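K.L.:
Construct all of the structure, not just a fragment, from the sequences and the given hints.
Protein chains in written order, with this note's numbering: chain R, 3 to 113; chain C, 12 to 494.
In case anyone wonders, no lab produced these hints; they're calculated from the structure.
Keep in mind that this is a model prediction, so the values were computed, not measured.
In silico BS3-like links for lysine-lysine, alpha-carbon gap of 25 Å or less:
#1 C:367 with C:356
#2 C:425 with C:367
#3 C:282 with C:425
#4 C:106 with R:22
#5 R:42 with C:425
#6 C:406 with C:301
#7 C:456 with C:282
#8 C:106 with C:367
#9 C:356 with R:109
#10 C:421 with C:282
#11 C:425 with C:456
#12 R:22 with C:367
#13 C:289 with C:456
#14 R:22 with C:356
#15 C:30 with C:125
#16 C:456 with C:301
#17 C:125 with C:79
#18 C:406 with C:289
#19 R:22 with C:425
#20 C:421 with C:456
#21 C:425 with C:106
#22 R:42 with C:282
#23 R:42 with C:367
#24 C:30 with C:79
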Amino acid sequence: MSISREDVLRVAELAYLELKPEEVETYRGQLDEILNYIGKLQQLDVTNVEPFTDISFPASEARAASPSSYRKSGKELREDVVGPCQVAEAILDQTADAVKPFFRVPKVIER
Amino acid sequence: MSATALWTVASIQAALLAKRISAREIVGEFYTEIDRRNPELNAYLTLSPERAYSQADRVDAAVARGEKLPALAGVPVAIKDVISTSGVRTTCGSKILESYVPPYDATAVTRLEKAGAVVLGKTNCDEFAMGSSNENSAYGPVRNPVALDRVPGGSSGGSAAAVAAHLAVLALGTDTGGSIRQPGACCGIPGLMPTYGRVSRYGLIAFASSLDRIGPFAGNIADAAAVMSVIAGRDDNDSTSASVSVPEYGSEIERPVYGLRFGVPEEYFGKGLDSEVKEKVLAGIALMEKLGCRRVPLRMPHTEYAIATYYIIATAEASSNLARYDGVRYGLRVPGATLIDMYRKTRERGFGPEVKRRLMLGTYVLSSGYYDAYYLRAQRVRSLIARDFSDAFQKVDAILTPTSPTPAFKLGEKTSDPLQMYLADIYTVTGDLAGIPGISVPCGKTREGLPIGLQILGPHFGESTILQLARAFESAGGFTLTG
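P.N.:
Here it is in structure tokens:
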């Protein structure tokens, strides 16, 4: 599979990246080479293989999971309660444009 | 040799208790050495002398009161600049965070300081930890202290160089695809990547959340073990941190290795492996057998798919994690006529070429029409790679391989060819994908004098075993192997 100039411009737009006209072909060539290399995964038959979904709790164990085996895996979830944010002030102090307690950005709604 | 070269965790503790020197004086020695060497090496981006000296004074006060000293009392450490330090600038090696000052500490940093360690400053790295040579830093490359025309490896190049050049006794790095082990190998020092979940990631600025780990660089195995005992363990601020109990690594490492079984998968010795690296690593493996470890035949059939899998998953996760740098809340903001215009201009100015390349790749593999072919397939192959390891650890206690296919390469040698740069991680990404721990230990040098690394991989939460093997290897002279 190869990547076109239009594809590069489209992913740049999706990723909110602005590319200079002279950069487009460089990135296209490099991404093309990488995608060709990555294409080797197509050689493998993965029809009956589960995707790897949780690094700290393998899928095979998750199927047989009970709350106690979940805890035994070493993972614990805390109570879902809201705690105070003690760093808001410090973050707003160094932000480019803040009107506390808000971040100010260019206008997005016209009326 | 500089005065700082002789300090270890144990020798500092002994010297402080005997009142031969104060913690403040030790910190002074290190800053003097940093002033002398850092302009050339570029290992540190920011120094934190105020914080360091006040911590040193706390240690000296404890000595004066005759208190029992904590494990890392007065030990100078360097922190990779992707790990948050309260009040100390944290750039991630990026222009987009050039003036960002975190309002809180990473848990690993909090734990180091609670154990008496002294944070000297923040170390250079590839931008957002994306790279294998440290040449992707927005603040210039780090030079390898062993050979100044060579890279220190990456992405934790500054941390590795700082410890290797004795500009810190210990350092924290991060490993997503090899970023602790590969620079450890390039600079000739031990570097440990812990099991995923062993060390809290709270305060680690995310690159690829299912892969990122924090781990230590040290001058010797006992020091690496000492750091692990301090930073490992459950943290309520990181739900993926494990509540598996933390062993006393310091005593674990002295246990005999006789009878331990290890595998040497031939898939790690194929095309692209430098002949001198191969020769030394095989000599290191022979030394392990001489120490009474038993070599067991082993195949890891999915190894060759690891780099492709890694560059899909890591870039996909990065494209999501780095969406937060848009100029709104922290870091750089470049004004724009509209909100979207501001995002684009900020990211265009703030990110370097490798980050942009990876964000585009990650966006592409997740985009509509390509998700199944790339991302989902990569997650399935990741299962196969993880299964190779779980099968292997039914038969062996550890796996031995080269850390990197080549010794440290020359600055500029691979910058124009991203794919060649990615292949520097060919032996390390497997461990990241599987979530297992691994350590790189020095294993002699090339005829030109460049360090070579031996990688020891272990099962989940098997840090004790790999540290134990590393310690036995160190005691038997493996680090300076000449055979």
